[in-house]
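> Both chains come to you apart, so use the hints to assemble them.
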Amino acid sequence: MALLEVENLHTYYGKIHALKGISLSVEEGEIVTLIGGNGAGKTTTLNTICGIVRAAEGRVLLRDEDITLLPPHVIMSRGVVQSPEGRKIFQRLTVMENLEMGAYSRNDVHGIASDLEFVFETFPRLKERQKQLGGTLSGGEQQMLAIGRALMGHPRILLLDEPSMGLAPLLVRDIFRIVKYLNEQGTTILLVEQNALMALAVAHRGYVLQTGKIILSDEATTLRENEMVRAAYLGEHEGAASLRSENR
Amino acid sequence: MAQVTQTRRLGRITLDADRLSSQYFGWGALIATVRIFWVIALTSGLFGTPADDLYRTVSDALGSFLWAYAAVGLVALLATLYSRSRGEEPVSSTRLFINYLGVIFFLALSARVASVVQADPARYPITLWGLQLVNGLVLGGVYALVALGYTLVYGILFMINFAHGEVLVMGTFGGWFALTYVLNLGDGTFEVGAASVAAVLLPLLFAVLFLPLETLAARAGRKRTARAAEPDPTWVLTLFSLPVRFLVGALIGYGLLQALGGFAPHVYEAITTIVALLFVVAVGMIVSMLVAITVERIAYRPLRGAPRLTPLISAIGASFFLQQAMLNVFGPSKRAYSRPKLIDGTINVRIGDLGTIPVTKTGIIVVVVSLVLMVLLYTFVQRSKTGRAMRAVAEDKPTSALMGVDVNQVIVITFAIGALLAGAAGVMMGFHNQSFNFRAGFIPGLKAFTAAVLGGIGNIPGAMFGGFFLGLVEALGPTMLGINAEYKDVIAFSLLVLVLVFRPTGIFGEVLAEKKV
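Which chain is which? The protein sequence lines are A and B, in order.
With our numbering applied, the first sequence covers 269 to 516.
With our numbering applied, the second sequence covers 20 to 536.
Looking at chain B on its own, in the form it has when it is part of the complex (with noise of 0.2 Å):
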């Protein structure tokens, strides 16, 4: 679509009324987001408690501004629609209305959320915004590691891949029946089961991490010899066959654990739950991963050459039976994930002295464990072999051939990894949320589609700030306009419609090449 874009000379000066518009509505979003600010920080008393006429006049000024602005702006979009009205070249003014109404939006919302907080401020203390911003982040880890997900499948195949939200509830399922395992072990305690399991998984990874001994002592003896002509002194190792230092590793890794548990059992029952919670989350992750691999063999690469239209209702397919088989295999009924003690309950943190604000545990450890997974992630796709291939495969899979690359395999990898992060996600989800059935997976996929098209679908920082930008929105939107928490729902795919309207490459978006369209 060429923008044919019409500038006017007034003397020397020269007006482009596109980029004009463009910072118009740039401007006057800052304004509006710096009165939000003003009247949520003042009210809640973040800032002391100033004078109350001070910050009133303040917000009131900002406000009228803001009408002022919307004001001049209407006569100059009006002016400009006139004179391009009378040119005799056709000139698109789209992107002016768009712009436009841009401000409206911002000016609307800034004066609904002032007139909420101003007209009632002891209902909106500090500690309901620290509270809601904490929900907001936690809802927006899980959203960032699922959107994750769609991004870089969309970024490989250029589709979206529907059934990413069954992944990640196949991961919460999985996840729950490796609890249920724990606790069964335990007989309904996890602490107890965690013990078990910890003493079959610690020595087992002590045993794995004993076997590559002799190939690094090895590599060391020869770097030696090969300086100085002395006798390999490596020789004790290369003693030891596989299986002895297998036996090693692991005798060595249940003697630390049974010393442990002696001397000082509270580290004792902490490492073992931590062990027991990572086995939970490997086997969500693992079970969410193995799904995807098949959806993807079974559904999506036999139509590798088909039009772009037909995977994506494949996809929906996919998405179809997989709700449905859950539902038939394991039941409509909710089922309930219980907190081992070390992750339940809350901490409280204090706001100087405006009050505290009680944090759960397992919200610290989602949006702690997704900012960890992200940053492996991006490390992975940056720094890696299998990542550089990732990003050549996205923009050239015939080239990426050329060079060597297993495109198929690629792909593959792609979607195993967006399933590992959406499983991730599950576990935590249950966890977190407690209770889950075969539909929990329907609505976080969508909104993690939502983020990662608000974030610029295709783009990874995109999709991170994309599904924290969504929870944040989620979670502040209903109070800051005071309506029920209900509707966020509805704030959140409002947000996408109004994405996909005024702005369909994303916040981050750039814009697409006409070869990927």
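Chain A on its own, in the form it takes in the complex (with noise of 0.2 Å):
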């Protein structure tokens, strides 16, 4: 029984058919990731799982429960919590509001200040600006927080969209480094990432996505290594282009 399951969703917004048919899973303490171009469909895969958009047809199972049709704040409440694409920090609330409002739902004063401990260990740069306002943050200090405020919701399954998009890659690294410090500390994640080296070189699995589809599914090791996957988002072309385009 895999912690989370997604059987044949498929979503559409208004006329358009986002999602056609996306089957995947989730086991206790793995990483996988959802990789794909532009479009492809991985930030909705990630909000028809959290409710945000509303799947047409299709199930989400956490531990066999059926959670397709709840309302976002309560999927959120079981434990499926997400870091939003474009990290999405209240900007006007503090840094320590900001993390105390991801753990909005619960109610454990103990577990929210071992969390919060945790999360200040995990990124000591978030102690230092708790009164700072969420928008006086750099991008990667940002990002910190976003992942800091959803790790003090408890999550069973932590899904995080593109947390290296408009990082130095300096950072990414950093960032990609704790992803895989925080699966170690027993933190089950969903990477979704156009970073395709990257998130496949930390995570155990990996799905590629093509225009809502799900095209391959396999070991990560296993996918560094398919043509396919080289050519289109490894890709040694893409990459040189956009390396001839930065020297530029």
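Wrong hints could be hidden among the right ones.
Claimed, not checked - Far from chain A, by Cβ distances over 12 Å, these chain B residues were calculated:
id: 1; residue: A95
id: 2; residue: D139
id: 3; residue: P144
id: 4; residue: N203
id: 5; residue: T405
id: 6; residue: M422
id: 7; residue: D425
id: 8; residue: S454
id: 9; residue: L491
As the list claims (entries may be wrong) - Here are the simulated EDC-like pairs of lysine to aspartate or glutamate, each with C-alpha atoms no more than 20 Å apart in a straight line:
id: 10; chain 1: A; residue 1: K448; chain 2: A; residue 2: E487
id: 11; chain 1: B; residue 1: K404; chain 2: A; residue 2: D376
id: 12; chain 1: B; residue 1: K416; chain 2: A; residue 2: E353
id: 13; chain 1: B; residue 1: K404; chain 2: A; residue 2: E365
id: 14; chain 1: B; residue 1: K404; chain 2: B; residue 2: D415
id: 15; chain 1: B; residue 1: K404; chain 2: A; residue 2: E353
id: 16; chain 1: B; residue 1: K404; chain 2: A; residue 2: E487
To be verified - Which chain A residues stay away from chain B? Per the calculated CB distances, all over 10 Å, these:
id: 17; residue: I284
id: 18; residue: Q478
id: 19; residue: S485
id: 20; residue: R492
I should point out that these hints are in silico values taken from the structure, not numbers from a laboratory.
The beta-carbon is built from N, C-alpha and C at its ideal position, and this holds for glycine as well.
In structure tokens form, the structure reads like this:
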């Protein structure tokens, strides 16, 4: 029995068929990554799991319990916690208040305190800046806050949407190191990434998404060797192209 | 809108016309305001009676200075416009115009005040200004409370709840029915009815206070037993079951009240009256809250995903519906809000030996209660978990939902809080004006909306400031301009138009983020 099981998920935005039957599963203790190009439906998949977007068809199971049609705040309180794309820090709340928002659905004072301690141990920067407004943090700090805020919800499964987006390469490495560390500390993670190379390096398994469908799924190490994945996402061509544009 | 600014280099000095123009406006407004206060303070004898020619000379000098200031500004404005018209890139000059007009406005205002007040200083004693100041604060307290409702809802939903004025007057009605109930209990005497109301409510309060005793005692006991291995001393309390504790609490409350009635009848009457008044206010607040929650559920929530104009129209519809419903159910006639003796009458406030100002007790209550409620609200929004969630939802609804916040619930709480404040304002307004009818909420509602816009809608301290500011302008404005007090509505709404044209984000307003607009 998988921790999270997604069966044949279909989602529409108006008339646009965004997800065309996604099925995936995440086992306890795993890092599973969902890679794919722009508009493949990665974020939509996460948002459908979280209940922000309604599924038209299919089911989302958390330990065999159907959570598909529950409202987002209930899904969150069941332990499916998302750190959204673009970080979505509350700009006008302080760092501390942002973290407290992450623990909004919880009442166990001691659990919250120990999670806060864990977050501050993992991200000492946040502890230094706890009184600062969220909007005044740098991009990397905001990403740390977004992850920390999600951790405050004590996730059974953490959904990370593009944690490396818009960060400098050095910071990207930091973030992935943290993702791996969190997993070693026992957090199950579903990681959505455009940076397929890094994602496959930390993940156990991976799914490749293309225009709303899963076209490949395998062990992360196998995916890294796969010709198609290499061409499309790890893309020597693409990588070279982006390098060239950087030089210009 | 990209504001193109043009900077000109004159040797090593950089001239930024737009910034200079803002500073020009700021100083002009300041000097004009100083002149107004100078004239008022000295003619009314607040600083004794200085040599007549001294204050007149200073006042006239300030006036002449302002004229010169305006003339210099005009030359600078024309010069800048000329140079900009010759520039190759188009530069917007709207701001310059606006700032210049602002200075002219303040200049005219100060000239008018000076001429009116100096013409006949005897008609403007300090007591008049004091009285108007008090009136302004009372009006302002009501406006501020109601404005908070507009601003809270706008902050979260970006819609103007036009039914808020009706929510306010529903509170007045609720309070009126509670008041009538108390009066009927006492056969027309509030104090007698109040005694019976208090005889029920106070014991009930005590009973409720006694309910959590066991948990409190248990917690204290746990701490103690954790330290030393002694037997739990709270066993006596745990003997009492819930209904027993309730009864004991009620009996103690009742006993205390009766004892008070025997030993200190004056205190007894004051306390029972206060309890009954709180009861009246509470009923008004609850009625307002229920109305607001219903309106939200029926008229706004189904339109959550609709374009922004749709709930606005729905709000106007809800406003008309409530007004017509009240007209048909309660009739058009005015109803009297009779004051109990405790809050009736005035208190004379002496200002040195310049005279006394009669301040109504209800006026004092309005100002004090509104300030207390505002502090409570601010603390709630800033410190409590729900307040934090309100701020989070105001900023980003989907992300708040991801954090486990029930967004709809927070929206309902926001409406409820706004309505509670409006209900309190409605009942206090009833007691202060002593009569009302179904239309009594319309104008105050619009004024409070004006106040919210004035302070920067969506901004909580802004609404408080805007409320008091508008109240003061309304009370002092006609006196300053030497015109009939009937013009106060004209002044208030002119102010709304001016603010909307010249500073749409309000005095405290932040620049709205693009996503909000």
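> Each hint should be assessed against the structure and marked as holding or not.
Hint check:
{"no.": "1", "hint": "A95", "verdict": "holds (38 Å)"}
{"no.": "2", "hint": "D139", "verdict": "holds (51 Å)"}
{"no.": "3", "hint": "P144", "verdict": "holds (47 Å)"}
{"no.": "4", "hint": "N203", "verdict": "holds (45 Å)"}
{"no.": "5", "hint": "T405", "verdict": "violated (10 Å)"}
{"no.": "6", "hint": "M422", "verdict": "violated (5 Å)"}
{"no.": "7", "hint": "D425", "verdict": "violated (5 Å)"}
{"no.": "8", "hint": "S454", "verdict": "holds (43 Å)"}
{"no.": "9", "hint": "L491", "verdict": "holds (30 Å)"}
{"no.": "10", "hint": "K448(A) with E487(A)", "verdict": "holds (16 Å)"}
{"no.": "11", "hint": "K404(B) with D376(A)", "verdict": "holds (14 Å)"}
{"no.": "12", "hint": "K416(B) with E353(A)", "verdict": "holds (15 Å)"}
{"no.": "13", "hint": "K404(B) with E365(A)", "verdict": "holds (9 Å)"}
{"no.": "14", "hint": "K404(B) with D415(B)", "verdict": "holds (16 Å)"}
{"no.": "15", "hint": "K404(B) with E353(A)", "verdict": "violated (25 Å)"}
{"no.": "16", "hint": "K404(B) with E487(A)", "verdict": "violated (43 Å)"}
{"no.": "17", "hint": "I284", "verdict": "holds (17 Å)"}
{"no.": "18", "hint": "Q478", "verdict": "holds (25 Å)"}
{"no.": "19", "hint": "S485", "verdict": "holds (26 Å)"}
{"no.": "20", "hint": "R492", "verdict": "holds (31 Å)"}
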